[in-house]
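*Asks:* Here is how the chains run, residue by residue.
Protein chains: 2
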Amino acid sequence: MDSDFGIPRELSELQKLRSLYQPELPPCLQGTTVRVEFGDATTAADVADSHTISRSFPRTYGQPLAHFLRATAKVPDAHIITEHPAMRVGIVFCGRQSPGGHNVIWGLNSALKIHNPNSTLLGFLGGSEGLFAQKTLEITDDVLSTYKNQGGYDLLGRTKDQIRTTEQVNAALTTCKDLKLDGLVIIGGVTSNTDAAQLAETFAEAKCPTKVVGVPVTLNGDLKNQFVETNVGFDTICKVNSQLISNVCTDALSAEKYYYFIRLMGRKASHVALECTLQSHPNMVILGEEVAASKLTLFDLTKQICDAVQARAEQDKYHGVILLPEGLIESIPEVYALLKEIHGLLRQGVASNNISSQLSPWASALFEFLPPFIKKQLLLYPESDDSAQLSQIETEKLLAHLVEAEMSKRLKEGTYKGKKFNAICHFFGYQARGSVPSKFDCDYAYAMMTVKRWAQSPGATSIGKPAIHPATVDLKGKAYELLRQNAVKFLMDDLYRNPGPLQFEGPGADAKPLTLCVEDQDYMGRIKELQEYLDKVRTIVKPGCSQEVLKAALSVMASVTDVLSTMSSTSLNSQTPL
Amino acid sequence: MDSDFGIPRELSELQKLRSLYQPELPPCLQGTTVRVEFGDATTAADVADSHTISRSFPRTYGQPLAHFLRATAKVPDAHIITEHPAMRVGIVFCGRQSPGGHNVIWGLNSALKIHNPNSTLLGFLGGSEGLFAQKTLEITDDVLSTYKNQGGYDLLGRTKDQIRTTEQVNAALTTCKDLKLDGLVIIGGVTSNTDAAQLAETFAEAKCPTKVVGVPVTLNGDLKNQFVETNVGFDTICKVNSQLISNVCTDALSAEKYYYFIRLMGRKASHVALECTLQSHPNMVILGEEVAASKLTLFDLTKQICDAVQARAEQDKYHGVILLPEGLIESIPEVYALLKEIHGLLRQGVASNNISSQLSPWASALFEFLPPFIKKQLLLYPESDDSAQLSQIETEKLLAHLVEAEMSKRLKEGTYKGKKFNAICHFFGYQARGSVPSKFDCDYAYAMMTVKRWAQSPGATSIGKPAIHPATVDLKGKAYELLRQNAVKFLMDDLYRNPGPLQFEGPGADAKPLTLCVEDQDYMGRIKELQEYLDKVRTIVKPGCSQEVLKAALSVMASVTDVLSTMSSTSLNSQTPL
Chain A
1 MDSDFGIPRE LSELQKLRSL YQPELPPCLQ GTTVRVEFGD ATTAADVADS HTISRSFPRT
61 YGQPLAHFLR ATAKVPDAHI ITEHPAMRVG IVFCGRQSPG GHNVIWGLNS ALKIHNPNST
121 LLGFLGGSEG LFAQKTLEIT DDVLSTYKNQ GGYDLLGRTK DQIRTTEQVN AALTTCKDLK
181 LDGLVIIGGV TSNTDAAQLA ETFAEAKCPT KVVGVPVTLN GDLKNQFVET NVGFDTICKV
241 NSQLISNVCT DALSAEKYYY FIRLMGRKAS HVALECTLQS HPNMVILGEE VAASKLTLFD
301 LTKQICDAVQ ARAEQDKYHG VILLPEGLIE SIPEVYALLK EIHGLLRQGV ASNNISSQLS
361 PWASALFEFL PPFIKKQLLL YPESDDSAQL SQIETEKLLA HLVEAEMSKR LKEGTYKGKK
421 FNAICHFFGY QARGSVPSKF DCDYAYAMMT VKRWAQSPGA TSIGKPAIHP ATVDLKGKAY
481 ELLRQNAVKF LMDDLYRNPG PLQFEGPGAD AKPLTLCVED QDYMGRIKEL QEYLDKVRTI
541 VKPGCSQEVL KAALSVMASV TDVLSTMSST SLNSQTPL
Chain B
1 MDSDFGIPRE LSELQKLRSL YQPELPPCLQ GTTVRVEFGD ATTAADVADS HTISRSFPRT
61 YGQPLAHFLR ATAKVPDAHI ITEHPAMRVG IVFCGRQSPG GHNVIWGLNS ALKIHNPNST
121 LLGFLGGSEG LFAQKTLEIT DDVLSTYKNQ GGYDLLGRTK DQIRTTEQVN AALTTCKDLK
181 LDGLVIIGGV TSNTDAAQLA ETFAEAKCPT KVVGVPVTLN GDLKNQFVET NVGFDTICKV
241 NSQLISNVCT DALSAEKYYY FIRLMGRKAS HVALECTLQS HPNMVILGEE VAASKLTLFD
301 LTKQICDAVQ ARAEQDKYHG VILLPEGLIE SIPEVYALLK EIHGLLRQGV ASNNISSQLS
361 PWASALFEFL PPFIKKQLLL YPESDDSAQL SQIETEKLLA HLVEAEMSKR LKEGTYKGKK
421 FNAICHFFGY QARGSVPSKF DCDYAYAMMT VKRWAQSPGA TSIGKPAIHP ATVDLKGKAY
481 ELLRQNAVKF LMDDLYRNPG PLQFEGPGAD AKPLTLCVED QDYMGRIKEL QEYLDKVRTI
541 VKPGCSQEVL KAALSVMASV TDVLSTMSST SLNSQTPL
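As they're listed, the protein sequences go chains A and B.
Residue 79 in this note's numbering sits at position 79 of the first sequence; the count goes up by one each step and never skips.
Residue 132 in this note's numbering sits at position 132 of the second sequence; the count goes up by one each step and never skips.
Chain A extracted, bound-state conformation:
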């Protein structure tokens, strides 16, 4: 299995140039002196879950926020660390490969060696299986040379995506003890970071000195909160997909005879579909979050698309591009219910060709209504995270099929008088995740060890074991608002935008994800800003100031405190998870 891992690769000219690119570090991570300010205790994303989580994570819950400071920052009580004993750290790829993974390893190796040249970084070969089997490769600058700024996870490989069963956790513990690791870094998505959080607690309980660190690297863009504004890989994935979507838009506009249905990555969350829509301006996007929130049925979705097709036909337009995330199928309430029944039966050991006869009458009726190819795909065994095998379910073909049938019906009935509806379907799944990472992802991944306390602040599911919630598209957020504002224009006016292929020089090379630009990010920056205002007031209103100033300040601050208290108690009750 591991024969090919870690060997030097033959690089193309472009790859060679990219391998020479040196990512920039944020000021707070430059130099060998580390300055940390410890802040408030971390809490759960949803206050209602804090009790459950603190009970499940008695040793790791509620640790203080660590804020890394630049050399010029004036924070009197900052911890200044100048001594760095040699450390032994292990690193492992878990979960689906995403652009930027190699740079996390490179950045960590550089940081370890800068702080103490005697530190050691061990990469586990073959993902979590390599971790259990103690198969390691010592990371050196030499080993990294043909992997710097390159895509894929092929430096170390990956296998199974979980460290969860008692056997797996014990194997990880044994490895960390045997190899005398000070730290274990797990690079992965939602599931792997949930595992990392659990592992940290288990290690603490077992008094194992190895610190567990989760690094959010995933395609889906769903590992983010107020401290981690996006995850590594998302920018590249969206850039590569946007290029292809834009090409298809140009194609649609040139031939004017096809509707393209494009399924994108994105399981519980539709961030990729939203970002690509803001980048490429296709005619329509169906977000899983919208469908779930409005409880739209398959029939509703079909009608919605057909009405759009009809409205466009009235303007003599017979082409269009429609995006949807692969997770959409699970967001449709009746399909989700059907999938739950199927998965339940499969887990009971019912053979897939006997499932349909054992479904409830309602689920059976829906199942029989679906075309054969989808039936077959819905009968696939669920994945380890309980979701359906989303990459295998051709939701784009299902919708195209239903829309085609409905448009033919309208044509026959005379309610639609346009030309025949033609659909072409695409799944943009695996072709982006091995991409050479964008500059953004190179830089971000290289500097990624900043978030090492992040995995200790998981959200929770309402029943059972706490787990990290994938951050879904915030239907009250600015990115979604931007989409809604433009939805009608995008639908009717073909305002297709073409960001072009991923560039490393010139326009677009330094572009950030649009959703990141429009969302209110820099949470910590704004907290700092607020503290500066408070400090200013304190400086102005001190012994010696006039009675007028004091009275004005008192009156204003009393009402400010009042308003904020009221707002806080309201928002606690109706908080949307961040």
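Hints are not guaranteed to be accurate.
One copy or two, either will do: identical chains are not told apart, so a pair holds if it fits within one copy or between any two.
With a cut-off of at most 30 angstroms between alpha-carbon atoms, the simulated BS3-like pairs for lysine-lysine come out as follows [as the list claims (entries may be wrong)]:
{"id": "1", "residue 1": "Lys113", "residue 2": "Lys340"}
{"id": "2", "residue 1": "Lys417", "residue 2": "Lys376"}
{"id": "3", "residue 1": "Lys257", "residue 2": "Lys340"}
{"id": "4", "residue 1": "Lys397", "residue 2": "Lys420"}
{"id": "5", "residue 1": "Lys303", "residue 2": "Lys409"}
{"id": "6", "residue 1": "Lys412", "residue 2": "Lys160"}
{"id": "7", "residue 1": "Lys536", "residue 2": "Lys113"}
{"id": "8", "residue 1": "Lys376", "residue 2": "Lys295"}
Keep in mind that the hints were calculated from the coordinates and are not lab data.
Bear in mind the structure is a predicted one, so any value in this text is a computation, not a measurement.
Go by the hints and put chain B onto chain A.
*Replies:* Using the frame of chain A, we list chain B on its own:
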């Protein structure tokens, strides 16, 4: 239909930069003086067809080759044209959109206006239908501004791909007469250029003064011969697809658990698959030409892939990437025979659900053996060029299905002892053809009016009307030889190469197609070189030279002439079409 054509587009930053790029003209097309050397009469690619072709094209066959010369060229009998009366030219997009189409229009407009500012270029809106309906847009630099160096055909659009029936040809003739066109430029692939050749003959017969010019712009890379080394669009298509293939290779190498089956564009010819293989080094490629030449059956192909999977499993490798062109399905002899039967029945009006019962026993046996999804796709009505609806036939899924079944069988029988075989299928079809064109295609398309006599030298089918042969991959050519030399290494050693995303600056931006670089091109250049040698001999051996020199020259030239005469007569009989 034409409401959106020709309107200014909103460009992204990268597109704006691209729109400012000025393609370079070859020296022979620079300036306002045109120098042409007329050469030998053009002949058919296959000498055996020359009689048929000359009979079908009595007015346009056998015109002299026109060789454009640079200002510094010393050719005594060159025609030097300095007077350029104002011309009226029409231009139309036919066939599938390919990157670079807009630059053909831009380049032609620039050339017309440089030679005479009073010349007019009219674009037909909506492809051949616009040509028949006389819907035009006058091309100006202003109209072109947001289309320069951009992908798609959306400046003018396209509709039906043919100008062939008497009605269509007459409509085209009327348009050219009504609009008083001196020239009609048809931008398209094999079919459109066949139509262009036929139209030129018909116009000549009807004494219509409009000259018809075909410009080879197609995805497939199959419009080439010794004078046209490649067609516009091919470079971009291969670059975009190679990027995606390389990403998938990286993916395969990272997870080590999937075989990816990727279907590419390429109907009668597998140039795209060959070029992408040389660019990305996937493990295997199946070229239609190889399959047809070796008469490989579905069973042979399945066995070939399974043996490869098994050989890799013995090296503990359970991943791989396999490319195939969409035309492969028609290259498999027994499937081709089946398709012919199906298409015959469909043309007789037999409903698709009645076809299977009316097939010959042999065809019926094959049909029943195939999985349902392929059956359905094979039953689709053939396209206007008589081929199956190749973009709709998922040959990659068929092969993955057959390989999976065979590997399971081998596993059960114990002849294969490795892990379960897992396949993921992709069709890289429509996502590349709307791409922003590469620098190569921008330059090449802009300079494309050099080949205006090209359409008058068509190959011929053996029966019926002459048509342009798509140039297939030459199994004796250097590009194929390079592939064969590396095939085993590519298969076993995962020498994946990643040219990266299409760049416009830095490494790779100026890369040419590899097949173009390795093939013996520059045919005309080498003919010139030969002529220079002959001239040198003439200069050396002239009255006044010594007897020894004269004798040596005579003796050498006698044997040279002898050898070449023998070689020529042999190669005439066994010539591979160029």
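*Asks:* Would you pick out the hints that fail for this structure and give their numbers low to high?
*Replies:* Structure breaks hints 1 and 7.
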